[in-house]
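Keeping their order, the protein sequence lines are chains A and B.
Position one of the first sequence corresponds to residue 4 (this note's numbering), numbered consecutively onward.
Position one of the second sequence corresponds to residue 4 (this note's numbering), numbered consecutively onward.
These are computed hints drawn from the structure, not numbers from a lab.
Don't take every hint at face value.
A pair holds if it fits inside one copy or across any two, identical chains being indistinguishable in the list.
No more than 30 Å apart at the CA atoms, straight line, and that leaves these computed lysine-lysine pairs for BS3-like [stated by the list, open to error]: (1) 26 with 38; (2) 59 with 49; (3) 170 with 26; (4) 49 with 162; (5) 49 with 105; (6) 49 with 26; (7) 49 with 83; (8) 83 with 59; (9) 9 with 105; (10) 83 with 9; (11) 38 with 163; (12) 59 with 9; (13) 163 with 49; (14) 83 with 162; (15) 9 with 38; (16) 59 with 105; (17) 105 with 26; (18) 162 with 26; (19) 49 with 9; (20) 163 with 9; (21) 9 with 162; (22) 59 with 38; (23) 38 with 49; (24) 163 with 26.
There are 2 protein chains.
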Amino acid sequence: MDFSSKLLEQAVNEMSQLPGIGKRTALRLVLHLLKQPESQTLALSKALVDLKTEVKFCSNCHNISDSTLCEICASPNRQKEIVCVVEDIRDVMAIENTSQYKGLYHVLGGKISPMDGVGPSQLNIGSLVEKAREGSISEIIFALSSTLEGDTTNFYIFKKLQGIDIKTSTIARGIAVGDELEFADEVTLGRSITNRIPFESSLKS
Amino acid sequence: MDFSSKLLEQAVNEMSQLPGIGKRTALRLVLHLLKQPESQTLALSKALVDLKTEVKFCSNCHNISDSTLCEICASPNRQKEIVCVVEDIRDVMAIENTSQYKGLYHVLGGKISPMDGVGPSQLNIGSLVEKAREGSISEIIFALSSTLEGDTTNFYIFKKLQGIDIKTSTIARGIAVGDELEFADEVTLGRSITNRIPFESSLKS
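Whole structure, please, built from the sequences with the hints as guidance.
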């Protein structure tokens, strides 16, 4: 693309570094900002810099937080002996939205993925194993996505927990509520049959 | 959405003000920035603020420019008596990419659209009529999109030019090069028949 202004080119280039934003979309966004009042651009830019420079991570669960202990970890109403292992903050938000979980979280910050250069040492795995070893938690729930990377990460953590007396579980995989059986993929349908539950417990929720 | 951090919420809110960016996408973009080095966020934020505060518009054609006269208007190789009227800078870039046009541009900055609260006074129409009245240009080419707003704007300018001795033209509408006739819409096909051109001139390009 040929830009008539270096400033414009710079802004488009920076904007198109974001995932899923190509040069054309970046140009559209930047031209939109140009048409809006200056305050909007300043607010956006300040919010991004503030977040990047001032954000804290919860010292217990590594969730994004404004203080050293996040609201969930600090709450007296949560079951502190149950820990749900998730990939990132979006998973925390998704599970929180269900209002079905009353334990704490442990945010790994990613999945083991050699293809993307992410090894176990870059993830918050050590502190999880440490928590388990201290004996302050009784159950670890694995809630990573069931992809190759997710399964690898689950298994890596599971191996690390060997020899520690702790209950581990993984969230149920199966046909989504409201979905037609005939359209489900074989793996999911197979798992939902293998891991069938007593009918009475399905009446609870 | 429930955010665990006010800083994060602020950044997502600002990001989701951009057109086509919802809260979920904004969260994805913001979390991506959080994972990247601080320099990327600073560069993006600086580029946006620099653009907004320092950008200039060409005093002749209203194109975005780093100086008071844009490269196109300043170039000695362009035919300064032909002016192509376009909606915004993206149209200039699209036409420039064809390498078929050697005249100048006139960027309106939008289209007349009462629905969006855009009237003729918010567009760069006055300076175009002024240019035509001065007699420094011989032809005005209308290259707005053929929507209700585009046609309205074309017609408004056309009426303003009444009484001024100037040639006006509009870009050709028709079947796109490489397109199948049978899939073309009736209006486009109809126009391409009405506005047929001598066969010899089709051999030129």
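Hints, verified against the model:
1. 26 with 38: Intra 18 Å, inter 22 Å, cutoff 30 Å: intra and inter.
2. 59 with 49: Both ways: residue 59 and residue 49 sit 17 Å apart in one copy and 23 Å across, limit 30 Å.
3. 170 with 26: Cα proximity of residue 170 and residue 26: none, with 49 Å in one copy and 36 Å across.
4. 49 with 162: Neither: 43 Å inside a copy, 46 Å across copies.
5. 49 with 105: For residue 49 and residue 105, the Cα distance exceeds 30 Å both inside one copy (35 Å) and across copies (42 Å).
6. 49 with 26: For residue 49 and residue 26, the Cα distance is within 30 Å both inside one copy (23 Å) and across copies (18 Å).
7. 49 with 83: Neither way: residue 49 and residue 83 sit 36 Å apart in one copy and 43 Å across, limit 30 Å.
8. 83 with 59: within (21 Å within a copy, 57 Å between copies)
9. 9 with 105: Classified as between; 22 Å across copies, 52 Å inside a copy.
10. 83 with 9: between (54 Å within a copy, 24 Å between copies)
11. 38 with 163: Intra 54 Å, inter 26 Å, cutoff 30 Å: inter-copy only.
12. 59 with 9: Classified as between: cross-chain Cα gap 11 Å, same-chain 35 Å, threshold 30 Å.
13. 163 with 49: neither (42 Å within a copy, 44 Å between copies)
14. 83 with 162: Intra 23 Å, inter 74 Å, cutoff 30 Å: intra-copy only.
15. 9 with 38: both (18 Å within a copy, 28 Å between copies)
16. 59 with 105: The answer is within: 23 Å in one copy meets 30 Å, while 55 Å across copies does not.
17. 105 with 26: Classified as between: cross-chain Cα gap 25 Å, same-chain 43 Å, threshold 30 Å.
18. 162 with 26: neither (44 Å within a copy, 37 Å between copies)
19. 49 with 9: For residue 49 and residue 9, the Cα distance is within 30 Å both inside one copy (22 Å) and across copies (13 Å).
20. 163 with 9: neither (52 Å within a copy, 35 Å between copies)
21. 9 with 162: neither (53 Å within a copy, 37 Å between copies)
22. 59 with 38: Between copies, since 13 Å is at most 30 Å while 34 Å is not.
23. 38 with 49: both (19 Å within a copy, 18 Å between copies)
24. 163 with 26: neither (44 Å within a copy, 37 Å between copies)
In terms of the numbered hints stated before, the structure departs from hints 3, 4, 5, 7, 13, 18, 20, 21, 24, listed from lowest to highest.
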